[in-house]
Amino acid sequence: MYRYSEFDTAFLAERNAQFRAQVERRIDGSLTEDEFKPLRLMNGLYLQLHAYMLRVAIPYGTLSSAQMRQLALLAEKWDKGYGHFTTRQNIQYNWPKLNDVPDMLDALAEFGMHAIQTSGNTIRNVTADHFAGAAADEVADPRPYAELLRQWSTDHPEFQFMPRKFKIAITGSENDRAVIKAHDIGLQLVERDGVLGARVIVGGGLGRTPMIGKELSEFVAFDDLLAYLEATVSVWNQIGRRDNKYKARIKITVHEHGIDAIRAKVNERFLQVRPQFKGADMALLVEIKGHFAPPAFREGSVASFESAYTNDPVFRSWVDTNIAPHKNADHAIVTISIKKHGQTPGDATAEQMRVMADLAEEFAYDELRISHEQNVILPHVHKSDLPAIHARLKEHELATANVGLISDIIACPGMDYCALATARSIPVAQEIATRFDDLKLEHDIGHLKIKISGCINACGHHHVGHIGILGLDRAGVENYQITLGGDATETAAVGDRTGPGFAYDEIVPAVERIVDTYLEQRDSAEETFLETYRRVGMAPFKAALYPEAQANAA
Amino acid sequence: MARAFTPKVVTANDLLEGDVIYLTEDDRWSRELTEAELITDEAHAQVRLLDASRQANKIVGAYLADAIAGDNGPEPTHFREDFRRTGPSNYAHGKQESSPQPRA
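Going down the list, the sequences are from chains A and B. Take the first sequence: its letters are residues 1 to 554, numbered as in the numbering used here. Take the second sequence: its letters are residues 1001 to 1104, numbered as in the numbering used here.
Same shape as in the complex, but just chain A:
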């Protein structure tokens, strides 16, 4: 875990004091809303439909138990007793009062947390593989580099007034769990001839113009990586379009200029920038790495785990879905689903946050992670502790065995909260989850990712959902478009639209018809939804969704 230096602490204290004064000046009338808005956004404070919303960064998704308890305290003291974990590893509080926000920020700072650059046209919270440092398949832990990027990008003087926001994701594994191809820059750590570096992907993004990122460089050694990234952002900062906010993201710049032209410009800029990096960044990286040293994994028998697995079918079902392989064979990675059927995806109560913090402290070397899939992870757990953890989770509605299944839905807040939304997403997610739970089909259906956004900005990642749902306002009524075949992993793909959208009360039955079609079409129980879709294509799904069109054509 990264521990703040004196510099970090002093910087944050000063920044929070500045914002406190800005809030006071807004309230006493010295600042207009036009003047105040960019200042509050820089500090993560939005005004939504029903209230203010404070978005707190959880850099690369990593939290200690003390930090998680503090997030619980904020939820209880200044909000309505819960928080919402987002698709970019942040937590949002939906009901703060303007007067309370400076105190909330101070309370966060006490535990090394902040809301800086969670909004605005800056480099946003750097996200990472939520299994980082624990995954069996990783080359190296990406978090030290993510922390270096956080420090580099925070208040970076050149990058405070960019054409648009800029999002970076990093993974240490070939199996991409961080959606690096849908980020402005995606980094995959790779090793070449004993040298650690990164493959650099650029120009991915979702929103109204979804694009899969392209390879800018197949390998940049760590020594050069920060200079190379600075060169990349700098090229875009200079030539990215400022005339039209919908064409301002780097994906459009890459699309308009072509990846080869961008690469040439980046390389040219890199030669200018590189001499400014004299090794201080590498010295800092070495120091940061020390903060992320793996815990001393305890040894011990896993017999109790094996016997519980054999004898307790509920525990077995949970292990089969919610546990991932750890690099240490006696350990496991636990994903705690905060998506009990019918609950709001990503919401956790203050009490649940404390339970998860306690479990992390007792059993998981004091570490937690937040995933972009809106779940909470205990990254290092000795297998013999799994039965006790499962028992505790059951008491707090946290033991749902649905990770990777149809009810493990990503959903943005949608029009229940968001001022930008054009339709609701949360109730659609709730109803899909409840429906398939009632049908008891979930485990038979297997691996299936549904992702729902309440507007074209695509915070719910619908383009890369196996089934994507996009809520729109069509002539004053909520309407939902469906895409199929999206993929958020290393084989990233944007889904294909099925056809006309569905009304609010038609969308769950439409999803059911898609799933029924999959179950009919799959060649075995092992063939996943995505594999079936790739094999049979859109036609059978279309036929099931639009029987009238088929009848008319006949």
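Simulated from the structure, these hints should not be mistaken for lab results. Please note: incorrect hints may appear among the correct ones.
[As the list claims (entries may be wrong)] Covered, in the sense of this in silico footprint (three residues per stretch, anywhere, with C-beta under 8 Å from a C-beta of chain B), are these stretches of chain A:
id : stretch
1  : 22 to 32
2  : 44 to 58
3  : 411 to 422
4  : 474 to 485
Quick reminder that beta carbons are idealized off the backbone N, C-alpha and C, glycines included.
Position chain B relative to chain A; hints supplied.
Quick look at chain B alone, frame taken from chain A:
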């Protein structure tokens, strides 16, 4: 021929609380849409929006929202305004918490 003017209410968010408020005929800000002034004249609507915007130390983001006359006062014509006057659909938070207002 000019298009018929759709009646409007002036709405905004409260600066301190952040919640949804409506301008009343007697120049108060109410939490209830039913108490809002329903404006049926376009020129008057612009004047009332200016009146609201002058109170920048109390409110944020005033705008004119479509509404129609109902039995108990103005009612929303669009689902977004319906959510704004009640609250989110996943919890009984927002205005539903204090004054139950079943959705039309």
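These are the hints, each one checked on the structure:
no.	hint	verdict
1	22 to 32	holds (count 5)
2	44 to 58	holds (count 6)
3	411 to 422	holds (count 3)
4	474 to 485	holds (count 3)
Every hint, counting from the list given before, is met by this structure.
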